[in-house]
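Position 100 of the sequence shown, counting from 1, maps to 108 under my numbering, and the rest follow consecutively.
Worth flagging that the hints you see were computed from the coordinates, not collected in a lab.
Be aware that a few hints might be false.
Claimed, not checked - Cross-link-like lysine-lysine pairs, in silico, DSS-like; alpha carbons within 30 Å at most:
no.	residue 1	residue 2
1	Lys78	Lys124
2	Lys135	Lys124
3	Lys88	Lys124
4	Lys78	Lys88
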Amino acid sequence: MPCHIPADQIARAIEFHGHECPGLHIGIRAAELALRDLGHTRDIDLVAVCETDMCGVDAIQVLTGCTYGKGNLIHRDLGKMAFAFYDRGRGTGLRALLDTGARGGMDDEMGELMAKSHTGAATDADKARLAELRTLLQERFMVLPLEEMFHITPLTLSAPRPARILTSHACEQCGEMTMESRTRRLGGQTLCIPCFAAQDQKI
9 MPCHIPADQI
19 ARAIEFHGHE
29 CPGLHIGIRA
39 AELALRDLGH
49 TRDIDLVAVC
59 ETDMCGVDAI
69 QVLTGCTYGK
79 GNLIHRDLGK
89 MAFAFYDRGR
99 GTGLRALLDT
109 GARGGMDDEM
119 GELMAKSHTG
129 AATDADKARL
139 AELRTLLQER
149 FMVLPLEEMF
159 HITPLTLSAP
169 RPARILTSHA
179 CEQCGEMTME
189 SRTRRLGGQT
199 LCIPCFAAQD
209 QKI
């Protein structure tokens, strides 16, 4: 089933990200799934948890309204192409993990061509083929049924807590104000994380 996100919203996501690429399209479809099954932040208390820091996260911010600054977009650095969405009000949620079959068997060839491109060894023919594969993959992502694109798992765990505003304290080493939940104690001093790391380093 083709993507149901309106073209003008997709254009906004591309503009926000700065270019069009397969990774962004993964995020577009993950956002579509969240909006279809849970709703939009204007209607519900939606939270997105992204297990990657790749391109698709930008599409999720634009299309769902979940953003890092509002505290309803959370990054978990797990290196997985997976996105969880929660409706705090109803206590419902889902996790979408990109299905390996969604890429249509293009990974090996794309991987070889990208490696050549990164090392400067790609020929003009290699670059043209890589661009062709990227376009084919983007097009494929935009027409796959969501249930074929992702492994979708209902979530029963509670959503991450809302963002809190906490007291800040001056680091006793550099003097910079630091949120208390990010301070460390060492040698009787309250330190920010960089100052703590500098004093506590083992080598």
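Now for the hints, and whether the structure bears them out:
Between Lys78 and Lys124 the alpha-carbon distance is near 40 Å, which puts this suggested pair outside the 30 Å criterion. Annotation: proposed proximity of Lys135 to Lys124 holds, straight-line Cα distance about 9 Å (limit 30 Å). Taking the CA atoms of Lys88 and Lys124, the gap is about 24 Å. The hint holds against a cut of 30 Å. Annotation: proposed proximity of Lys78 to Lys88 holds, straight-line Cα distance about 23 Å (limit 30 Å).
Violated hint: 1 only; the structure is consistent with all others.
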